[in-house]
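Turn these sequences into a full structure, and let the hints steer you where they fit.
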Amino acid sequence: MSTRIPLPYSPKVLEIFRNPKNLGPLENATVVESAGSPACGDMIKLYLRIERIDNIDVIKEATFESYGCAANIAAASIVTEMIKGKDLRYAWNITWKQISDELGGLPPIKYHCSILAVGALKRAIRAYYKKIGEHPEWLPKELVQEEKLVLEEEEMIERYHKSMKEVMGVVDRK
Amino acid sequence: MSTRIPLPYSPKVLEIFRNPKNLGPLENATVVESAGSPACGDMIKLYLRIERIDNIDVIKEATFESYGCAANIAAASIVTEMIKGKDLRYAWNITWKQISDELGGLPPIKYHCSILAVGALKRAIRAYYKKIGEHPEWLPKELVQEEKLVLEEEEMIERYHKSMKEVMGVVDRK
Amino acid sequence: MSFSKKIRELLDHHGKPSKEVYFDLENSGWVPPEVVEAMKPYYNVYGYGHPSITHRIGWEALEVVYEAKELIASSIGAKSIDEIVFTHSGTEANNLAIAGYLLANRNKRGKVIVSSIEHLSVIFPAEFYANILGFKVIRVPVNGEGFIDPEIFKYYVDRDTVLISIQMVNHEIGTVQNIRELVDIAKSVNPNIVFHTDAADAYGKMAIDVNKLGVDMMTISSHKIHGPRGVGVLYVREGINLESPIRGQLSVEKLWPGVENVPAIAGFKKAIELAFNDFDYNINHMKRLRDKLMKGIMDNVDDVLINGPIGDRRAPDNLNISFLYVEGEAITVELSLHGIYVSSGSACTSRVLEPSHVLLAIGRKHEEAHGSILFKTSRYHSEDDIDYAIEIIPKAIDRLRSISSIKPN
Amino acid sequence: MSFSKKIRELLDHHGKPSKEVYFDLENSGWVPPEVVEAMKPYYNVYGYGHPSITHRIGWEALEVVYEAKELIASSIGAKSIDEIVFTHSGTEANNLAIAGYLLANRNKRGKVIVSSIEHLSVIFPAEFYANILGFKVIRVPVNGEGFIDPEIFKYYVDRDTVLISIQMVNHEIGTVQNIRELVDIAKSVNPNIVFHTDAADAYGKMAIDVNKLGVDMMTISSHKIHGPRGVGVLYVREGINLESPIRGQLSVEKLWPGVENVPAIAGFKKAIELAFNDFDYNINHMKRLRDKLMKGIMDNVDDVLINGPIGDRRAPDNLNISFLYVEGEAITVELSLHGIYVSSGSACTSRVLEPSHVLLAIGRKHEEAHGSILFKTSRYHSEDDIDYAIEIIPKAIDRLRSISSIKPN
Ligand SMILES: Cc1ncc(COP(=O)(O)O)c(C=O)c1O
Ligand SMILES: Cc1ncc(COP(=O)(O)O)c(C=O)c1O
Ligand code: FES
Ligand code: FES
Numbered sequence: 001m002s003t004r005i006p007l008p009y010s011p012k013v014l015e016i017f018r019n020p021k022n023l024g025p026l027e028n029a030t031v032v033e034s035a036g037s038p039a040c041g042d043m044i045k046l047y048l049r050i051e052r053i054d055n056i057d058v059i060k061e062a063t064f065e066s067y068g069c070a071a072n073i074a075a076a077s078i079v080t081e082m083i084k085g086k087d088l089r090y091a092w093n094i095t096w097k098q099i100s101d102e103l104g105g106l107p108p109i110k111y112h113c114s115i116l117a118v119g120a121l122k123r124a125i126r127a128y129y130k131k132i133g134e135h136p137e138w139l140p141k142e143l144v145q146e147e148k149l150v151l152e153e154e155e156m157i158e159r160y161h162k163s164m165k166e167v168m169g170v171v172d173r174k
Numbered sequence: 001m002s003t004r005i006p007l008p009y010s011p012k013v014l015e016i017f018r019n020p021k022n023l024g025p026l027e028n029a030t031v032v033e034s035a036g037s038p039a040c041g042d043m044i045k046l047y048l049r050i051e052r053i054d055n056i057d058v059i060k061e062a063t064f065e066s067y068g069c070a071a072n073i074a075a076a077s078i079v080t081e082m083i084k085g086k087d088l089r090y091a092w093n094i095t096w097k098q099i100s101d102e103l104g105g106l107p108p109i110k111y112h113c114s115i116l117a118v119g120a121l122k123r124a125i126r127a128y129y130k131k132i133g134e135h136p137e138w139l140p141k142e143l144v145q146e147e148k149l150v151l152e153e154e155e156m157i158e159r160y161h162k163s164m165k166e167v168m169g170v171v172d173r174k
Numbered sequence: 001m002s003f004s005k006k007i008r009e010l011l012d013h014h015g016k017p018s019k020e021v022y023f024d025l026e027n028s029g030w031v032p033p034e035v036v037e038a039m040k041p042y043y044n045v046y047g048y049g050h051p052s053i054t055h056r057i058g059w060e061a062l063e064v065v066y067e068a069k070e071l072i073a074s075s076i077g078a079k080s081i082d083e084i085v086f087t088h089s090g091t092e093a094n095n096l097a098i099a100g101y102l103l104a105n106r107n108k109r110g111k112v113i114v115s116s117i118e119h120l121s122v123i124f125p126a127e128f129y130a131n132i133l134g135f136k137v138i139r140v141p142v143n144g145e146g147f148i149d150p151e152i153f154k155y156y157v158d159r160d161t162v163l164i165s166i167q168m169v170n171h172e173i174g175t176v177q178n179i180r181e182l183v184d185i186a187k188s189v190n191p192n193i194v195f196h197t198d199a200a201d202a203y204g205k206m207a208i209d210v211n212k213l214g215v216d217m218m219t220i221s222s223h224k225i226h227g228p229r230g231v232g233v234l235y236v237r238e239g240i241n242l243e244s245p246i247r248g249q250l251s252v253e254k255l256w257p258g259v260e261n262v263p264a265i266a267g268f269k270k271a272i273e274l275a276f277n278d279f280d281y282n283i284n285h286m287k288r289l290r291d292k293l294m295k296g297i298m299d300n301v302d303d304v305l306i307n308g309p310i311g312d313r314r315a316p317d318n319l320n321i322s323f324l325y326v327e328g329e330a331i332t333v334e335l336s337l338h339g340i341y342v343s344s345g346s347a348c349t350s351r352v353l354e355p356s357h358v359l360l361a362i363g364r365k366h367e368e369a370h371g372s373i374l375f376k377t378s379r380y381h382s383e384d385d386i387d388y389a390i391e392i393i394p395k396a397i398d399r400l401r402s403i404s405s406i407k408p409n
Numbered sequence: 001m002s003f004s005k006k007i008r009e010l011l012d013h014h015g016k017p018s019k020e021v022y023f024d025l026e027n028s029g030w031v032p033p034e035v036v037e038a039m040k041p042y043y044n045v046y047g048y049g050h051p052s053i054t055h056r057i058g059w060e061a062l063e064v065v066y067e068a069k070e071l072i073a074s075s076i077g078a079k080s081i082d083e084i085v086f087t088h089s090g091t092e093a094n095n096l097a098i099a100g101y102l103l104a105n106r107n108k109r110g111k112v113i114v115s116s117i118e119h120l121s122v123i124f125p126a127e128f129y130a131n132i133l134g135f136k137v138i139r140v141p142v143n144g145e146g147f148i149d150p151e152i153f154k155y156y157v158d159r160d161t162v163l164i165s166i167q168m169v170n171h172e173i174g175t176v177q178n179i180r181e182l183v184d185i186a187k188s189v190n191p192n193i194v195f196h197t198d199a200a201d202a203y204g205k206m207a208i209d210v211n212k213l214g215v216d217m218m219t220i221s222s223h224k225i226h227g228p229r230g231v232g233v234l235y236v237r238e239g240i241n242l243e244s245p246i247r248g249q250l251s252v253e254k255l256w257p258g259v260e261n262v263p264a265i266a267g268f269k270k271a272i273e274l275a276f277n278d279f280d281y282n283i284n285h286m287k288r289l290r291d292k293l294m295k296g297i298m299d300n301v302d303d304v305l306i307n308g309p310i311g312d313r314r315a316p317d318n319l320n321i322s323f324l325y326v327e328g329e330a331i332t333v334e335l336s337l338h339g340i341y342v343s344s345g346s347a348c349t350s351r352v353l354e355p356s357h358v359l360l361a362i363g364r365k366h367e368e369a370h371g372s373i374l375f376k377t378s379r380y381h382s383e384d385d386i387d388y389a390i391e392i393i394p395k396a397i398d399r400l401r402s403i404s405s406i407k408p409n
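Chains as they are written, first to last, in the numbering used here: chain C, 1 to 174; chain F, 1 to 174; chain L, 1 to 409; chain W, 1 to 409.
Calculated from the structure, these hints are not laboratory results.
Ideal Cβ placement from N, Cα and C applies to all residues, glycine included.
Incorrect hints may have been included.
DSBU-like mimics (lysine-lysine), calculated; alpha carbons at most 35 Å apart, straight line [unchecked claim]:
(1) C/Lys84 - W/Lys292
(2) W/Lys111 - C/Lys12
(3) L/Lys395 - L/Lys407
(4) C/Lys12 - L/Lys40
(5) C/Lys97 - W/Lys407
(6) W/Lys16 - C/Lys97
(7) L/Lys407 - F/Lys131
(8) W/Lys79 - C/Lys21
(9) W/Lys19 - L/Lys40
(10) F/Lys84 - L/Lys407
(11) F/Lys148 - L/Lys365
(12) W/Lys407 - C/Lys86
Covered by chain C, according to a simulated footprint, are these stretches of chain W (three or more residues, beta-carbon under 8 Å) [stated by the list, open to error]:
(13) 2 to 14
(14) 241 to 249
(15) 395 to 404
Not the full set, but computed from the structure, chain C residues with beta-carbon under 10 Å of chain W [to be verified]:
(16) Tyr9
(17) Arg18
(18) Pro20
(19) Ala29
(20) Glu65
(21) Cys69
(22) Ala76
(23) Gly85
(24) Tyr90
(25) Trp92
(26) Gly104
(27) Gly105
Written as structure tokens, this is what we have:
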């Protein structure tokens, strides 16, 4: 689908934006990780409480905070819903496309909002294993695509804005 | 006044177009002269019955025929009104501007219609003196401005259309 | 006295005829009440933002803009609403196609082919931008009925040719060009040639399928089918890149910058529905009345010439007649006084005192072009309208011929 | 599911709030019933030809077009209606000014100066055509309130400069530029410099006299003052030659080709009358309500920044506020759910995910620009509308801040 056409939000996005689930800091979180930055205009923070039960790492609780557009808030909220009660390996494999689908299909221009949500989740999972000093064999050594995209967004914000400035012709004041 | 704006006709033009005076051929005309051509899209024909009274050449009757726009018809009609009962010297001095004024002001794009009327009139006056083999001292030897313009329009139609064709990009078919 | 007061004087002197029949649909059509009704909510109910705005009012605007695009796309067989671009007129759509293509390909050079009877909004941007950007424009001649001879066309198309624009229906003489045949010729010489067709006078009056025609771009105009002015459409096949001559929008956005004219788009949508509901009836109606008008004039007025073809390859609504020995502007005024509204290809109605380039291109002499009158019939005309016209026209021509300094010899 | 159906779903889910207040007048205003009434005759009564047509219907069209031109000319002190050119939008008027000037002077080269906060319909044509035709474009910086420093301006203007375009009022932050002072500086360096001002957001909101200002061209847009979309105006001082980037008309005719949008012009005329009748009252009203809204927000919401100047050199209708720690697109959606319609300069509302170039140009950081919201008040807003906004906005910001991952430190 072309990006020339501004696709509207699905009712689902609007619904979750209205009534987000699992909002706010989690007192006894095992890990807290975020992706994005205020300068980008979008930043998702995930709080996970993880318990190891029968050698499986289960997400007992997940909450979020989000600075960003309505899609960003909805993506963050739905990802907490999707991972609650699930084990980390399952959570690791959630894709941005699944999130978009859960939201009834995001407009192309908003794909990055769900990439950000996946990025924050992956970062939290890595942080957890780092914290407990383990590395399960299913966890890739190298950063995967979505993690790279998030890093890129964070790192590239300066470069990106610089090139956009040229496109938009914003000159820095003397 | 700029020519960019299409000025409308005055009510006077419309009135005379509706009810032209002195229409049609004159059986016993002294001279019959025309100006313009079908190819130009405008042609005025004047019929004058001239009588010499007390050594003055008086236009006893004047009629017209006109092929052209509404302004053309109105200009031809009003010129016959303006000269009826007048002597030829007076008639010679009528300007296209006077005709335009009599018509309540022609739109600039229609000035040439009243130039044509004056041109036809001057041509008829010359024809009369040529016919009777005289040349009054008030009658210029050389063609005056309006006569030249009419000649130009008639002669230049081909040249003009050729250059307009270039502007309009009409190609002659092979 | 101000200009507007002068016109008021003229109008007062002219008076309002007791019966009026409007045939000047080439210049603009009237907008029926249903269409005005369809526009009103988008003016009145509340403010309307532009379609990419993220609030209820903006989404309501977006809804009708998409509905209109979907309707247009389906009516011409376009694959996606992405291929439908709104401008504010057919003139602008033609400019977007021609100038937009040349600007986007300004490093390419090459040849642009148009027909010699295209609308000026095709010919002029082609020549203007070709001149600035270093392309070459060729005008293909037409025959006496306005048709392009495929053999001659073949001779003009070559591997240098990058863009071709040939209208589907001529706006003055109603010639229905065989676009499919010309597309095939063009693409067989060079499959990369982009083919644009100006369908401003075809849309709503005949079946059109961009894929069956094989065209890459196509122009439509709202006011040609009783829609409001202020909406033009360019169909742009996916993959064709244009750079609009009008700037002000980021390149990822729509091609024609500025807020969409949402109420006018809503009105156009309604006008399309009206044109395509009872499509066959509408076409037959305008055609029957056109034929009746033609016969009525031919039977009652001597020395007339039909401009353009007769029969199936003429648009159903078009009648163009030259009345010899009289001048067209005078005819339009004379008919106006009797409530019949038409336009003329005469030099005297044009700002450069040059007759219609279309009539000259089909080989009409100046004196023939000067007396030309264009009538367009519509589904809204009645038998009675035509009867009235047939009653008035012969008298009008008679009167002007009685004034004329040119007589049949 | 079609796009339009998806939007319908969204709209149904959104619901129609019981109270609605529309502040998104930058993107488009609503058209009051009187204006719609003024348009209707030109749609309905009968067909309307274009102004150069020689029949009653064409003359009626001409009358209203001239009336509108006369009204516009007198409202800005133009010498003649010849100086008033209609386009279909402010975007097109800006393009006609900028592209039209560069195209007409394409053998000249030289420098074009615009401000860094101009509307994109000035900046983009300047850069696009300068690039093609070999001119150079300079963007003059502005200070933190959007003003051009005359000393800095002086430094940019030189004898190479051919065209300057500086807007009268900035559309986002309401900065009222001192045009007269800038014109004087420019013309003292080089009297041949052509000075254009984009007054799309100034017209109808402050007194404007093109001669007192000394400008050569000026842009106006109908839908900015509750007129219908589909009409832009470019004032072009006599003697300035332009070559329109849109072609299709003989050069002796009007500059913007295509039929005039006569009904929309009639509506615009009415909208001008409404704006200028009770002018002082209207201005005071929008200003008072703007000030009330500003105070209401400042008193009830922490951590906000006003974007643009405060006081007399701000447009009377403009309020632009950055709400820190929250993102503007989310604010527009949240407020929409409560019937308040605004727009944002946030990256998330733009198609390139880049915040407003205006906010960046006045030195706002990205995180500040992201939370910006633009409100415009109008003579049609009531005290009650403002009270409602002041009631809703703090709650909306609170809720979004409670969600936000950024907190004040
Ligand atoms: C064939 C053709 N092309 C283009 C146009 C221009 O369309 P618009 O009047 O919408 O600018 C017209 C109408 O005048 C037309 O008949
Ligand atoms: C300052 C300014 N210039 C130009 C425009 C463009 O006008 P329009 O929306 O009529 O194309 C606008 C409005 O968006 C504006 O605010
Ligand atoms: S957070 Fe900016 S687009 Fe979603
Ligand atoms: S005769 Fe052609 S304009 Fe008057």
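Report the numbers of all earlier hints that the structure fails to satisfy, in ascending order. Failing hints, ascending: 1, 2, 8, 14, 19, 23, 24 and 25.
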